[in-house]
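With the hints as your guide, set chains B, C and D onto chain A.
Those sequence lines, one after another, are chains A, B, C and D.
For reference, each letter of the first sequence is one residue, going 178 to 576 in our numbering.
For reference, each letter of the second sequence is one residue, going 178 to 576 in our numbering.
For reference, each letter of the third sequence is one residue, going 178 to 576 in our numbering.
For reference, each letter of the fourth sequence is one residue, going 178 to 576 in our numbering.
Honestly, the hints are just simulated from the structure, not real lab data.
Treat the hints with care, since some could be wrong.
As the list makes no split between identical chains, a pair holds if one copy fits it or if it spans any two.
Within a straight-line C-alpha distance of at most 20 Å, the following computed DMTMM-like cross-link-like pairs (lysine to aspartate or glutamate) qualify [unchecked claim]:
#1 Lys568 - Glu378
#2 Lys284 - Glu418
#3 Lys573 - Asp468
#4 Lys211 - Asp538
#5 Lys188 - Glu302
Number of protein chains: 4
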Amino acid sequence: MSTLFTTPRTKKLRPAIQAYLDEHILQNELEWLKQPFGELESMLRTHKQAMQKLGVWNLYHSAEHGGPGLSLTEVAQVGETLGQTVFGLFLCNAQAPDAGNLELLLKYANADLQERFVAPMLAGEMRSCFGMTEPDLAGSNPVRMHTTAVQEGDNYIINGRKWFTTGADGARLCIVMAITNPEAEKPHHRASMIVVPTDTEGFCRERNISIMGHDGSGWLSHSEVTFTNVRVPISNRLGGEGQGFLLAQERLGPGRIHHCMRWIGMAERSFQMMVNRAAGRELSDGIMLGDKQMVQSWIAESRAEIDASRLLVLHTAHAIETQGAKAARDQISIIKFTVAGMLNRVVDRAIQVHGGLGVTDDTILSFLYREERAARIYDGTDETHKASLAKRILRKARH
Amino acid sequence: MSTLFTTPRTKKLRPAIQAYLDEHILQNELEWLKQPFGELESMLRTHKQAMQKLGVWNLYHSAEHGGPGLSLTEVAQVGETLGQTVFGLFLCNAQAPDAGNLELLLKYANADLQERFVAPMLAGEMRSCFGMTEPDLAGSNPVRMHTTAVQEGDNYIINGRKWFTTGADGARLCIVMAITNPEAEKPHHRASMIVVPTDTEGFCRERNISIMGHDGSGWLSHSEVTFTNVRVPISNRLGGEGQGFLLAQERLGPGRIHHCMRWIGMAERSFQMMVNRAAGRELSDGIMLGDKQMVQSWIAESRAEIDASRLLVLHTAHAIETQGAKAARDQISIIKFTVAGMLNRVVDRAIQVHGGLGVTDDTILSFLYREERAARIYDGTDETHKASLAKRILRKARH
Amino acid sequence: MSTLFTTPRTKKLRPAIQAYLDEHILQNELEWLKQPFGELESMLRTHKQAMQKLGVWNLYHSAEHGGPGLSLTEVAQVGETLGQTVFGLFLCNAQAPDAGNLELLLKYANADLQERFVAPMLAGEMRSCFGMTEPDLAGSNPVRMHTTAVQEGDNYIINGRKWFTTGADGARLCIVMAITNPEAEKPHHRASMIVVPTDTEGFCRERNISIMGHDGSGWLSHSEVTFTNVRVPISNRLGGEGQGFLLAQERLGPGRIHHCMRWIGMAERSFQMMVNRAAGRELSDGIMLGDKQMVQSWIAESRAEIDASRLLVLHTAHAIETQGAKAARDQISIIKFTVAGMLNRVVDRAIQVHGGLGVTDDTILSFLYREERAARIYDGTDETHKASLAKRILRKARH
Amino acid sequence: MSTLFTTPRTKKLRPAIQAYLDEHILQNELEWLKQPFGELESMLRTHKQAMQKLGVWNLYHSAEHGGPGLSLTEVAQVGETLGQTVFGLFLCNAQAPDAGNLELLLKYANADLQERFVAPMLAGEMRSCFGMTEPDLAGSNPVRMHTTAVQEGDNYIINGRKWFTTGADGARLCIVMAITNPEAEKPHHRASMIVVPTDTEGFCRERNISIMGHDGSGWLSHSEVTFTNVRVPISNRLGGEGQGFLLAQERLGPGRIHHCMRWIGMAERSFQMMVNRAAGRELSDGIMLGDKQMVQSWIAESRAEIDASRLLVLHTAHAIETQGAKAARDQISIIKFTVAGMLNRVVDRAIQVHGGLGVTDDTILSFLYREERAARIYDGTDETHKASLAKRILRKARH
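So here's chain A without its partners, still in its complex pose (with noise of 0.2 Å):
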């Protein structure tokens, strides 16, 4: 749409990402999501140095840790051409959980951990897991959570079980979410972050989660992960001890932004595969299916929606990038309900323009309509969004 927040790179970048995603993934997407993704990651190393060429790879990072070195807007811009294809992230060595996990670990980790696994991320060549969600949980409830990490000698001692462990499959280590300070006034301040190597006695994984009919693997796999008596340093904790939820927060404030650059970059792969299929569909002699009012209201409300939403996006972005994070809080909160909304529609209604051939698994409607139903439920749901958003809002009314 508009140059608004256009930089001379994004507009070197974009153009350069979308030629090869043309040429090299969208349309070979289908078969591999026929596959284990497990399988797949080998065969994906040239187009991961395909991406390197390109000047993206680890793409939230600093030239310092190997990145790109963009500001948090062109981040979005750029990771929105790659949220097109799933793969997209995962290209650029950007894809949840690992692009958060390094983050963690490049500021907390402790010397040993950095060179075992920071330097070997960063270049690819291994994989991390995030271990947060209890089966049991209202979210990540901090109040109740069950897994513990109690101190023996100079070790941690870990017990608990997760789930939605993301990219569990092929992982090589873990930061676990466990309750070091049970005795701590606030239940925020009672857990903490550790790393667990996932080839440490008593970690295992149990079970890739099958979610909306698709068994994942490798890093797309959402694992139940079990503690038993799992014995690490001391040290392996990330920050202070009780900071687990601090950190956690951290962790998720620029991590929206890049979801929500994500599904707008489905969303307006999906817009586009509607306005193809009405404009080239004919019902009867010159008809086209886009000739219909319905289908026109629905091009025209994603058109406003998907447009929408990438203004709050970039304004969000830029209000984190001019005023912190915290300071953002609600529109991190909006972004989070309003683009994650906004992608079901839209995918919904590209599914019902398609007619038969949108349910079926012949195009990626269907992919994007199963795996990112999730978009509104995980790192927080939209209620808990929106509740948090409206009370804080009613507050300073109340002063």
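Frame of chain A; chains B, C and D shown alone:
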């Protein structure tokens, strides 16, 4: 809810079926869904026998044809109970498309076909499919159908391609819609329905179409099939020449009641799961998920929408019984789009209330979300039904 | 639509009423609406007599009390026909709040009140009002009601302020809800209903509240009234001490059926206007407004929503008749929020189809849009009903 | 929200205007709204002078024409602040239709008209109206316009009927759209704009049209006017023959920015009222209305929708500034339907949160609900804009 449409038969049948489903089906359903449907068929025979004992075998048929001889409003109520599980109607030999095919065959098939196919189908020993939709066509557009049946001596030579041919995998016959009278003035008078045994030379099931991540098989397959110089006797035609669409309408009328009641069964089950989750999930000490008003509003709206849908459907069934399907056209359109939309919304809310669990395949909700997205598309999209209904209303207003 | 709930009486009454409304009321309605309602009352007497002749005077009452003795499902159907115009129920002496007040008075008023007020009210010669809502309170919150009635000898001394006291302008008596038992443990047992003739010293109608640009008067007024040391005999209390809320519930149950059917009448009329406009408005040569699919979708959705609403209401009336109002509580909540929302949507769509004309006062639509926005608020907001319904459902699920 | 579009001028002007509105306007607004608008005009002069002092007189104009010379994005921001009250733009001599008329007159009027009308209009001493819409036409349909202007010597003889002629009551001139070239091939080339002083013989303001219960007068009137053999010099035509629609487009482009920002001002004010009510209203001991999640969800959704709307509008203003109105056509359509719909929803929610009070005329909400229902209709209905937008998108996709 009410006893308005209850009869002694529904009063007896529904709790008996419910008890059987609770004990034998619902608890195994998730396990079964992981297996290819084709492989389940023999195992399910025991349960089919149970349904025979309960007296709901050949659910839609009269006693003469081995059915319970229920009225349409009774069928609708029993069908809701069975519809709670994807296996319900299958166990009663009342799955689509066999039920609709049987009606056509019983009425129009020649003696030979009756003997070879109808008897075993009524016994549940043989399955059939229905070849209507074509890949390059919007819906069942009669103007642009490409499949042809050309007379040659006493035979039709059929050529063409169909997809969304439900249950083709394992079917023994296919009722195919083909253009027999290309010169007929009205496009609706150009096609005929013809019975093609699936072992006829030139009939080919090309593939089962993967739908929403589910690569169906057996009776839960939707296949792409081709006809290459398929030769069948002219006497295999059902009804007169060019009457294909007329018969299709006949077939679809009560068929929509069947779909709608099944959807209400699914919605009711999803609703119950949503309520149970909200009632049983503790967020923090003493605060349950169901205490949250956003959840309460979904429960209330779902309850209202399900009840409204059920009344509309029962009322439509009553109208068909008393005034005929043609007089009830408007109501049939209304229930098609109202109930399909309601189901999609209720399942979506139930998933949201389940949080992360809702998108996993650990509950039935994900299956319903994926499998029933097509409810707003098949047998006429919502939009087609809305437009036809509105046009009929407008036409009346002009006179 | 259907004949499911039709009886010989509704079959005879509805067309007769419709004919009368068509000839005498609907065409004059816009003109009348421009005048203060108080001034219309004498002119409307002729039409009241016509309704008496048609046999629908005192619509809700038994023959014993001068009414037609209809069942609730019959009342609902006749009420829909009358509800097409704001004058309909008034002409049958069935307007709120008199209808509800009469039921209370007939059942609970002492002989003196019966004689002085009930007889002339049944004759349509006297009107009444109901003082429940207070300006500083959310709804009819019993915990925080400020109006008190203190015993002094044989009298109550009443002090307080009420608003939304419908019909107070010109009313001869007011049934007021006041706290008589502040010490009662349960808030719901603290208030009583007391009859106050409006000429009692200390009763003051402060103003008619202007609502949505309409500064009502006469029976279509909503007034603010004050009670300053108003003294009435204790025997003016209706029912036992502290039973005010119990009686209010009793009064509201069938009252909601009355509102809902009136709303369906209004929706049906708005629908017909929308259809006629769409059918008759030419956009360009031969292209009618109704040819546009966006308009078609509104027509189809409105038809479906009105039909569903009617079935829900009739079914609820049937449930009240057969099982009592208490057993039908859930259904009463459902129709309250479903029908109010439906009415608001249908009127809004009808306005949009009328374009500029729709917002003028040249059609009835603007009046319905303004006057009936309150439908989602009074007698319990949509949200209150949704929350109560959901809580009852959740409570059952816990057991 | 952000400072992205803030400039030194908006930073200075907005708080100054806000302070003035708070002190002098907002608190009196409800009282003023009860009076005929025509009678308020002289009283409002003081406040107009205040706006002159604040430097926002002739808000849209350059310094040369006595305005502040703001850029369009600056105007949009200042316009939001002023838009909080219906009196805001009027006090800055920036009310519709005068603002748009002035632009046309400044650019196209002959010297005589400039002298007689433009100078006093810029001084706020004279008002004008715009005669476009006709009673029997859908929108401003050029094919079917009935008003004609026939040349006779040096004059046009104008005949026809217009309605929704905003501000005609008290206007000194009317710019009328009339068919001058009925034979032109393209319907869009048939009409011209002609200036008619309202004291010309044959010009008649028939009535002020009552809209949503508000029988406007003065500058807040929408009148029906007739032209009967109205004779004006040909030189009163603005622009070339047959350029009427071209000029109308020119007039509407920035006009839509003006409307949209005014709507955002209203939405923001309604939002604040909703929040204040929710924060301040106690339901029972310690439980505030704002503690209810249904209210919270409205607050959160409204905040998100207002923010998105503002960004879309500012971004569109920016696009018009940098690329011209034609290049920004899609965005102009998007903001028209997005912001109008948003305003209607936010006001509706604010009313619901206010309960009974919300439908009374004791707050500004009822006025906004009624007055701004037309936002979805005038200057092109939502549906017209959606259809045009979609068609342009589809056209591009076909190439």
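Hint-by-hint comparison with the structure:
1. Lys568 - Glu378: neither (44 Å within a copy, 47 Å between copies)
2. Lys284 - Glu418: within (15 Å within a copy, 71 Å between copies)
3. Lys573 - Asp468: Cα proximity of lysine 573 and aspartate 468: across copies only (14 Å, versus 49 Å in one copy).
4. Lys211 - Asp538: Intra 9 Å, inter 18 Å, cutoff 20 Å: intra and inter.
5. Lys188 - Glu302: neither (30 Å within a copy, 51 Å between copies)
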